[in-house]
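Asks: This is what each chain is made of:
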Amino acid sequence: MPQTDLQTLWVYLSTSPLTGLTITLVAYLIAYVIHNKTNTHPLTNTVLISVILLISILQLSGTEYKTYFEGAQFIHFLLGPATVALAVPLYQQFDKVKQLLIPIFVAMIIGIGAGTTAVVLTAKALHADLAIQLSLAVRSVTAPVAMGISEKIGGIPSLTAVLAVVTGILGAVIGTHFLSAIGCTNDAVKGVAIGNTSHGIGTARAFSLSSTMGAFAGLAMALAAILNALLLPWIVKLLT
Amino acid sequence: MIASKSNGIRFLFGITALLCFQLLGEVVVRLLNLPLPGPVAGLIFLLVALTIIGKSKSSAKTAMQDTLQQSSSTLLNHLSLLFVPAGVGVMVHFDKLREEWLPITIALIVGALITLAATAISMKLMMRWMRVKDTE
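Going down the list, the protein sequences come from chains A and B. Take the first sequence: its letter number 91 is residue 91 in this note's numbering, and every next letter is one higher. Take the second sequence: its letter number 29 is residue 29 in this note's numbering, and every next letter is one higher.
Derived from the structure by calculation, the hints contain no laboratory data. Keep in mind that this is a model prediction, so the values were computed, not measured. Just so it is clear, CB atoms sit at the ideal spot from N, CA and C, and this is done for glycine as well. Mixed in with the good hints there might be a few duds.
Stated by the list, open to error - Label pairs and their in silico Cβ distance ranges:
no. : chain 1 : residue 1 : chain 2 : residue 2 : range
1   : A       : P17       : B       : I109      : 27 to 37 angstroms
2   : A       : G62       : B       : H78       : 27 to 37 angstroms
3   : A       : G62       : B       : A60       : 51 to 61 angstroms
Construct the complete structure from the given sequences, taking the supplied hints into account.
Replies: Encoded structure:
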């Protein structure tokens, strides 16, 4: 009976982790080809296109995120070793980074203070939930770390991860153009600003533009994870 | 980490080293109750290790550096891919986002622009103030 065979096959496909893993890679490769065909235009961001493709597939097939993530977690897991791997480009650029360490530190603390204040007060003025305000405060930290901080300060961890990815895409799409428009041309300055705003996704974009920008973005992303973990509980207490 | 002529085994060594450093980071963070995420601690440890390797005169020095370099760039070249599963998570929050999409969108855009501008401008001013030579 072909009908039942197809049903069994469907049940297998929709619950096996293999499907989630495979469609993630296929969606990313399609996004990657589109990104290259459009001369790496920032609007054809690979994360953005992959996410839209995957959500469409999951919605059309009625698959739950939890089921999908059972396969996709193998990719998600690599965020940890990838964070550690940032030490290598950082080490290679260490001489450039060393003389800029104090400006980077000060600029990042000011950036985190101003950005968090702006984001929380804007959300508050527009009557967003307190939990949403708190989740928004952690938007500029790389997703796995952001979830931990969000939990500590009373946000919603899984929503925080999403907001972090959206901010990441936003900064990757508008970051370099916006910075050039306000008169920043230095790759080190651009890298630090993008890493402090758009963590890993911004770093990925920065690496595709120049290795100096990428290394500084990576440094800023790592520092942002540390500084936000230390500063956000205090900033948020003052704001809410 | 032993130097090997085969690329496959070299990649395996590199990935294992990265995982070891992450594990070390996670263990230290938990033991000392630090507010740091484990992978970030692992990054700091690897940076220290690279500095030590760079200063050593061991014959395996370049082999170790190449091994780490290769596995690190393999992971970092497609860093974007690793954020896709978390990004798809947006579908879980469609209901909440439908209710509050306007404040969230405006806050995210305002936040991104202000973080970018405040960081970049204050870094430029600090560099001018400290007279750090422009690297370009």
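Asks: Now tell me, hint by hint, if it's right for this structure.
Replies: Hints, verified against the model:
Checked against the hint of 27 to 37 angstroms, the pair P17 of chain A and I109 of chain B passes, with Cβ atoms roughly 36 angstroms apart. Range check, G62 of chain A to H78 of chain B: about 30 angstroms between beta-carbon atoms, so the 27 to 37 angstroms window is met. Evaluation of the 51 to 61 angstroms hint for G62 of chain A and A60 of chain B yields a pass: the beta carbon distance comes to about 54 angstroms.
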